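Chemist: Protein chains in written order, with UniProt numbering: chain R, 1 to 540; chain S, 1 to 158.
Honestly, the hints are just simulated from the structure, not real lab data.
Misleading hints may appear alongside valid ones.
Okay, derived cross-link-like pairs now, BS3-like style, lysine-lysine, Cα gap no bigger than 30 angstroms in a straight line [unchecked claim]:
#1 R:K103 with S:K11
#2 R:K214 with S:K11
#3 R:K50 with R:K214
#4 S:K148 with R:K300
#5 R:K304 with S:K148
#6 R:K122 with R:K278
#7 R:K65 with R:K214
#8 S:K25 with R:K214
#9 S:K148 with R:K122
All of these numbers come straight from a predicted model, not from anything done at the bench.
Here's the letter readout for the chains.
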Amino acid sequence: MSSDYEFSDYEYEDDEESMDVEGGSASSEEDMGMDEVYDDEIKIVSEGKKAYEVDYKPLTLQQVKDLVVADVDYISTIFGVDSDVAALLLRHMDWNKDRLTEKYMDNASSISITAGVSPVPKPSYPTSDRSKRVTRSSKSSKKLGQPSSFEPFLCPICFDDTATDTLALSCGHTFCTGCWTVYTISKIRDEGEHRILCMAENCGVVALDPFVHKALGDDEDTIARYDELLVRNYVACNKNLKYCPYPSCDRSVSCPTASSRSALSTIVPTVSCGADPKHKFCFGCTIDGDHRPVLCTIAKMWLKKCRDDSETANWIKSNTKECSKCQSTIEKNGGCNHMTCKKCKYEFCWVCMGPWAEHGTAWYSCNRYDDKSGVDARDAQSKSRASLERYLHYYNRWANHEQSAKLSIELYMKTEKKMEEMQLTTDLTWIEVQFMKKAVDIVENCRTTLKWTYAMAYYLQNGNQKAMFEDNQRDLERAVEDLSELLEQPIESEYIPVLRQKVTDKSVYVQKRNEILLEDTAKGYLEERWKWNDIVIDTL
Amino acid sequence: MSVVYSRRLKKELQEIQIEQADPAKRAAGIQLLQADDLKTWYFSIEVLGDSLYKNETFHLMVRFDPEYPFKSPAVQFVVSDKVKPPIHPHVYTNGHICASILGDDWSPTLSVMAICITIQSMLASCKKKELPEGNDDYVRTAPDNPKKTRFVYHDDTV
Ligand SMILES: [Zn+2]
Ligand SMILES: [Zn+2]
Ligand SMILES: [Zn+2]
Ligand SMILES: [Zn+2]
Numbered sequence: 001m002s003s004d005y006e007f008s009d010y011e012y013e014d015d016e017e018s019m020d021v022e023g024g025s026a027s028s029e030e031d032m033g034m035d036e037v038y039d040d041e042i043k044i045v046s047e048g049k050k051a052y053e054v055d056y057k058p059l060t061l062q063q064v065k066d067l068v069v070a071d072v073d074y075i076s077t078i079f080g081v082d083s084d085v086a087a088l089l090l091r092h093m094d095w096n097k098d099r100l101t102e103k104y105m106d107n108a109s110s111i112s113i114t115a116g117v118s119p120v121p122k123p124s125y126p127t128s129d130r131s132k133r134v135t136r137s138s139k140s141s142k143k144l145g146q147p148s149s150f151e152p153f154l155c156p157i158c159f160d161d162t163a164t165d166t167l168a169l170s171c172g173h174t175f176c177t178g179c180w181t182v183y184t185i186s187k188i189r190d191e192g193e194h195r196i197l198c199m200a201e202n203c204g205v206v207a208l209d210p211f212v213h214k215a216l217g218d219d220e221d222t223i224a225r226y227d228e229l230l231v232r233n234y235v236a237c238n239k240n241l242k243y244c245p246y247p248s249c250d251r252s253v254s255c256p257t258a259s260s261r262s263a264l265s266t267i268v269p270t271v272s273c274g275a276d277p278k279h280k281f282c283f284g285c286t287i288d289g290d291h292r293p294v295l296c297t298i299a300k301m302w303l304k305k306c307r308d309d310s311e312t313a314n315w316i317k318s319n320t321k322e323c324s325k326c327q328s329t330i331e332k333n334g335g336c337n338h339m340t341c342k343k344c345k346y347e348f349c350w351v352c353m354g355p356w357a358e359h360g361t362a363w364y365s366c367n368r369y370d371d372k373s374g375v376d377a378r379d380a381q382s383k384s385r386a387s388l389e390r391y392l393h394y395y396n397r398w399a400n401h402e403q404s405a406k407l408s409i410e411l412y413m414k415t416e417k418k419m420e421e422m423q424l425t426t427d428l429t430w431i432e433v434q435f436m437k438k439a440v441d442i443v444e445n446c447r448t449t450l451k452w453t454y455a456m457a458y459y460l461q462n463g464n465q466k467a468m469f470e471d472n473q474r475d476l477e478r479a480v481e482d483l484s485e486l487l488e489q490p491i492e493s494e495y496i497p498v499l500r501q502k503v504t505d506k507s508v509y510v511q512k513r514n515e516i517l518l519e520d521t522a523k524g525y526l527e528e529r530w531k532w533n534d535i536v537i538d539t540l
Numbered sequence: 001m002s003v004v005y006s007r008r009l010k011k012e013l014q015e016i017q018i019e020q021a022d023p024a025k026r027a028a029g030i031q032l033l034q035a036d037d038l039k040t041w042y043f044s045i046e047v048l049g050d051s052l053y054k055n056e057t058f059h060l061m062v063r064f065d066p067e068y069p070f071k072s073p074a075v076q077f078v079v080s081d082k083v084k085p086p087i088h089p090h091v092y093t094n095g096h097i098c099a100s101i102l103g104d105d106w107s108p109t110l111s112v113m114a115i116c117i118t119i120q121s122m123l124a125s126c127k128k129k130e131l132p133e134g135n136d137d138y139v140r141t142a143p144d145n146p147k148k149t150r151f152v153y154h155d156d157t158v
């Protein structure tokens, strides 16, 4: 299960360094520029903000492109250069306008050469006939097909002497258009490269955008890919921006409050690009989706532990278990943890295998690990066993919620069928039967929260704070299981209004419990209320 | 595309064969051993003059992609009972070579012969015979085709 997550060694750059880079007068300039772009079209997501929510702005592709154009225009104006040249210079300096300006003022020709705007000058040749000399004067005996000035053009790459269309960058290295096209497509499509270097060996000249477009001709797909690579490069260079990680999504999110590593020790910046409710991601790390209430570093630590311990924990992932009463095999096929053995009718909890009856009472204890066995451990062997058991307690529940959330797709399909039935058998309208769909979404969402609460609880130090956290966890879990169970019951048409009322009420309650838990955890971070185990303290 | 590939390789082969027949033109120490098709060629390489590899002969295997010359060929030293790869800080014991010309610094205007000459001079300038750092780890996990490895290029002048 942990393998569903991509681990990445992506690290924030050193905070101080990036501060220096962004600091000074130009950054306030830039902020103002950005606000102008956002204000008309984007509703700010922070209205009625909760402690567990962050301020952020979703950006469409066009809005990011506008930011790019603004930066390019700015440089183009103050340097008095073409906007294509300005774009190349900015890309070379990772879009840092201040540092670029500084370097450009210091030595414009030197930065133009390293950026690939202009070729390295060769003082042995008169500059006046630059284009002639480069294609015709190379003397190396190991070079292929040197055309002499009396022959028609022979492309030194493909040896096609019939090609009449040729292209050359400012360095003058001339090749047939066909070769340029194949080369440019391969750089963009296969290598994801937006920096198209001249094909000649050791030539550092980079193609400007109009040249790339000329080489690509009417290959619209590759032109679109090139544009995307340029936008992605811009976003990657700006620590306030992140590209939506969902496949084939072209939106971005701006979240300056989560742009430094230190911010991530107190917030879990869950954001959404706005294209689709499912496009939720963490601005602080590459673990996708929503890992609230757990901080990025701890979520990462937990996933690593799960991956490292996956073999010992493997048996838990199994989808089947035996009924502890009659030993017949039971398959879990829905998200609810309340299981009833088809054979002997024994009712039990899927997670702890204990009788379900106990879970309905005040002494429900399925979410809390009893550390006593660890305290009682006498020798090293039973200690390590106890620590494995402790881990498995949390992992078991973590994995179970993950699996249940996945099974909710099945639950969703079942629910849809139910909704259709309801429309046919009652006079309820399509809108009125949406309560089922909404409820399924809420269950899935809250199971994700619950899943991560077990990672959090694993790393929390025993004590009052942890006990309170686990109370919230238990309340949410109970509410989710209740709602989940309600959704799996067979529907009898005469009870539909009653069911509808029940489901709606429970949905509201579940959401409230979820908010309470997230809110309390988020405030706990800000108040530095959470006390961690030594493993966490050593790593943080 | 395949037109470019075969026209270009035939031309290179032709030039190599002309050079090999003429001692005045031939790159000393480099010899084409086998080029039965336009997929895989073999060369032998010796470092002439004073070097750490005096009297040693190595074999290079060059494999071409259909995208040659826009993509670099896969180049490695042959490892067999008869020939061994050189002991060199950029050559792994499985024959893989870490050289920027085979990766990021490849240019479609370079040729197979240019690669051979570069590798020959890489050997000629070597100051100490030693294996690359992390050789054992690399060899244990390396893909069959060295082009699948993302090498971090060290100082190519070593
Ligand atoms: Zn050509
Ligand atoms: Zn050039
Ligand atoms: Zn998206
Ligand atoms: Zn995160």
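Chemist: Does K25 of chain S pair with K214 of chain R here, judged by a C-alpha cut-off of 30 angstroms?
Modeler: violated (40 angstroms)
Chemist: Is K122 of chain R within 30 angstroms of K278 of chain R, Cα to Cα?
Modeler: With a Cα-Cα distance of about 56 angstroms, the restraint between K122 of chain R and K278 of chain R is violated, given a limit of 30 angstroms.
Chemist: Can the restraint linking K304 of chain R and K148 of chain S be considered satisfied, given a maximum Cα separation of 30 angstroms?
Modeler: Distance ~27 angstroms between K304 of chain R and K148 of chain S Cα, so the pair holds.
Chemist: Holds or violated: K50 of chain R and K214 of chain R, Cα atoms, limit 30 angstroms.
Modeler: violated (51 angstroms)
Chemist: Quickly compare the C-alpha distance for K214 of chain R and K11 of chain S to 30 angstroms and report which way the hint goes.
Modeler: holds (28 angstroms)
Chemist: Is the hinted pair K65 of chain R and K214 of chain R satisfied, with a Cα-Cα distance of at most 30 angstroms?
Modeler: It holds: about 21 angstroms lies between the C-alpha atoms, which stays within 30 angstroms.
Chemist: Given the proposed pairing of K103 of chain R with K11 of chain S, does the C-alpha separation stay at or below 30 angstroms?
Modeler: violated (45 angstroms)
Chemist: Straight-line Cα separation of K148 of chain S and K122 of chain R no greater than 30 angstroms?
Modeler: violated (37 angstroms)
Chemist: Regarding the pair K148 of chain S and K300 of chain R, is the alpha-carbon distance no greater than 30 angstroms?
Modeler: The hint holds at about 28 angstroms.
Violated hints, listed in ascending order, are 1, 3, 6, 8, 9; each of the other numbered hints is respected by the structure.
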